Amino acid sequence: MTALIELSAFNKRFGDTTVLRDVDLQVQEGEVVVILGPSGCGKSTLLRCLNGLEEGHSGHLTFAGQSLDARTDWRLIRQQVGMVFQSYHLFPHMSVLDNILLGPLRVQKRHPVEARAQAEALLARVGLADKRDAYPRELSGGQQQRIAIVRALCMNPKVMLFDEVTAALDPEMVKEVLEVILDLAEGGMTLLIVTHEMAFARAVADRILFMDGGRIAEQNDPESFFSAPQTARAQQFLERFSYVENMPKRKAS
Amino acid sequence: MASSGLDLLWVSAPQLLTGAGRTLGISAWAIVISSLGGFVYGILRNLGKPWLDRVLRVYLELFRAIPVLVWLYLFFFGLPIFLGVSIPAFWCAVLVLSLWGASEVGEVVRGALRSLPRGQREAGLAIGLGTVELYGRVLLPQALKRLTPPVINVYTRLIKTSSLAVLIGVVDITKVGQQIIERTYESVLIYGFLFLFFFFVCYPLSAASRVLERRWSH
Chain A
402 MTALIELSAF
412 NKRFGDTTVL
422 RDVDLQVQEG
432 EVVVILGPSG
442 CGKSTLLRCL
452 NGLEEGHSGH
462 LTFAGQSLDA
472 RTDWRLIRQQ
482 VGMVFQSYHL
492 FPHMSVLDNI
502 LLGPLRVQKR
512 HPVEARAQAE
522 ALLARVGLAD
532 KRDAYPRELS
542 GGQQQRIAIV
552 RALCMNPKVM
562 LFDEVTAALD
572 PEMVKEVLEV
582 ILDLAEGGMT
592 LLIVTHEMAF
602 ARAVADRILF
612 MDGGRIAEQN
622 DPESFFSAPQ
632 TARAQQFLER
642 FSYVENMPKR
652 KAS
Chain B
3 MASSGLDLLW
13 VSAPQLLTGA
23 GRTLGISAWA
33 IVISSLGGFV
43 YGILRNLGKP
53 WLDRVLRVYL
63 ELFRAIPVLV
73 WLYLFFFGLP
83 IFLGVSIPAF
93 WCAVLVLSLW
103 GASEVGEVVR
113 GALRSLPRGQ
123 REAGLAIGLG
133 TVELYGRVLL
143 PQALKRLTPP
153 VINVYTRLIK
163 TSSLAVLIGV
173 VDITKVGQQI
183 IERTYESVLI
193 YGFLFLFFFF
203 VCYPLSAASR
213 VLERRWSH
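Chains A and B, in that order, are what the protein sequence lines are.
No gaps in the numbering here: position 143 of the first sequence is 544 in this note's numbering, and each next residue is one more.
No gaps in the numbering here: position 125 of the second sequence is 127 in this note's numbering, and each next residue is one more.
It is worth saying that the hints were derived from the structure and are not from the lab.
The structure displayed is predicted, hence computed values, not measured ones.
Here are the computed distance ranges between Cβ atoms for each label pair:
no., chain 1, residue 1, chain 2, residue 2, range
1, B, I89, A, A535, 50 to 56 Å
2, B, F197, A, H494, 36 to 42 Å
3, A, R538, B, A30, 35 to 41 Å
4, A, A568, B, A209, 41 to 47 Å
5, A, T419, B, T133, 27 to 33 Å
6, A, R414, B, I89, 48 to 54 Å
The calculated lysine to aspartate or glutamate pairs, modelled on EDC-like cross-linking and capped at a C-alpha distance of 20 Å, are:
no., chain 1, residue 1, chain 2, residue 2
7, B, K51, A, D474
8, B, K51, A, E455
9, A, K532, A, E580
10, A, K559, A, D584
11, B, K51, A, E456
12, A, K576, A, E565
13, B, K51, B, E135
14, A, K559, A, E407
15, A, K510, A, E521
16, A, K532, A, D499
17, A, K510, B, E135
18, A, K532, A, E521
We put the beta carbon where it would ideally sit given N, CA and C, even for glycine.
Extracted from the complex, chain B is given alone in its bound form (with noise of 0.2 Å):
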């Protein structure tokens, strides 16, 4: 039993291997830009602008307030429809998980910033700091501590997340294991082989976070 599980998982190496790339390929776009949009958008919150804060709180309030299931199918059954523009499932699914992580990472960004002491932000401007020097010196690497394991914490949920992706027909690690359990019936093996697979792709990046929590707490 344990070799012909083990000859399956062999057997069905290659094709765990491409289901894989895609989880891992969607969730690393995910996070590279839900980070720099989030970081723009907690920037942007900061600045302290009534319209622009009002045009952002939009957003975010709409990808709090919708289940990410529901932006998927909106995008992708949506856009051809109303924009006819139809984007590919794959790019489709980055493109929102991207949204929705920007205001999750966007609002940890926006609160670490806050949380600085008001007159950092003084007296940078006292030595004539423009806003870029401001945030880039200043502000942000003071932040930084603050909001890395949050937003660690949101990049492990949007690698969980982007198993989603398969209700738009996305093959990913997720949608392979199903095919595999039609296949063979195998399905202990298989949710089991899942089930590590997210442990040992998320749980290194909690324990991270949790290191980095405990070093930078003093």
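Okay, chain A solo, but in the shape it has when bound (with noise of 0.2 Å):
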């Protein structure tokens, strides 16, 4: 079987810094790969590159068996490969169910009564059925991000990209959005996540893939990675984690 997406010795370089080096890396329809590393490895580049929003300077980038490059037709490609971003950007002045159809209608020409039924159901999926006529602002930062979510999933891609989708939200409204993308990896789909939830991450990933200055460091299963971290670099990320929340308490109780 072939994998959906296929990288090798991708490379990515802003100026004079590397981002990405020598990656390699597939992942199959269905999988669930969790990203982790420290800020600046490379984590949203990597995702970034995959529908095209910064382009690699060497290396092959394959999906669904077809070779990517400058010359691709990028907006095919962005139709079935969904992107969910840490700050929503849903499109202000649009209600719900424009920013959700904007893309099925004007982009795929699909009939507005389909595509809007479809809307309407991904909606009433998320638990935002009744938010359908709102604007953003309006909504919560868990909504929002729970819309753009529907937006991507509206267009039916083969994957969809989440990148640090919680980190700017509440802490109470991390989990409704870690419940949709949860329920996402349980119906099937392909999934690419870069987090820092690392509960989240230990549940929901099939793979971890932790990076580190550009390179895939390690990869794992999630029991494997946590339990026993094969690099000492992985081993320092995830025992600052524990640090917090393991945290010594101030005052004894």
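Join these two chains into a complex; the hints should help.
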């Protein structure tokens, strides 16, 4: 079986700084890959290269068997690669439904009745059916992010990219967004997720990818990665997180 | 005195109307063309193509650095000499004001587009929008609020600057006023009339821009 996404010897530079070095990666259909790593390690850039928001300098990228480069018509690829951003980026001048339907109607030229039915079904799935006529400014961060997920899903993508989608949310809203992603994973959708939510990563991932300095430093199934990380860098990274989780109490209780 | 003043305005009305028509005609054409040109300029400056940026920068700086009057002379007297093309004074004024206005409107449009969060562009691209839909449905509708008040101010400047057309021989309302003064020596009355004319054309525009700015500020 061929991989849905395949990167080989993939490099990306910003000016003189190399952000991705010799990345080799294969993602199978239906696989959930969580990418971890310290900030600036290239996680987000990796996702952004997969839908052409950034362009690689060398190496190969194929999607569903098609080789992608600067001459690719990225508009076609982007319809199959949904992306959700840290700060949602809903279009503030459009209602929820218009936000969701812009792509299906204007890009995919789908039938309005059919597209609208799908949009409403997806809204119901994320528990926001009653918000379809609201404007983004009337919604909480968690609600906006769930709408942003629906906006990407309504294009019927083959894969979804999540770029730190809970990082800008208040803690009590993180759960509602993670549950939606978990639901997608259980439904068999191919997912690439960049996150700092370790417990979530462990729960949702088929495979953990640990990146450092633009390289894939380590990859493993979640249990092995979290219980016995292979590289010193990954151990260090995980210790920092477990320090926060097991923060010593200041007052003896 | 008052009645003779009104009589004079009444008698001169056809002449004044023709002049007003020319002033408003030049202004209206210049407003329409500089708006279209300005949007094209603003979008082109936003595409991030270095060579295009350089060309448009030269255009911008030329119209910023050289007075409109000099451009008027250059087009009106220069074109026949250098290119053998002569343009009627009215259209020459429209052309120069449009080129100048487009650079002003264009900078406003460019600034408004740049001030939008970068994520709006990326979110649009991520759902597969092409350049036309991206600008037409996502970026420009959002930029419109920010650019309308300053663009209206460019319009009022265009209307006022149109009076320079006198100097290449267009008989606009300012020139008509001068002609009447030469005949009747009623300078206070006629200049007073011109004052009110420009005020009542431009004031509603700048008032509208202030209202829009306040209404859209939140």
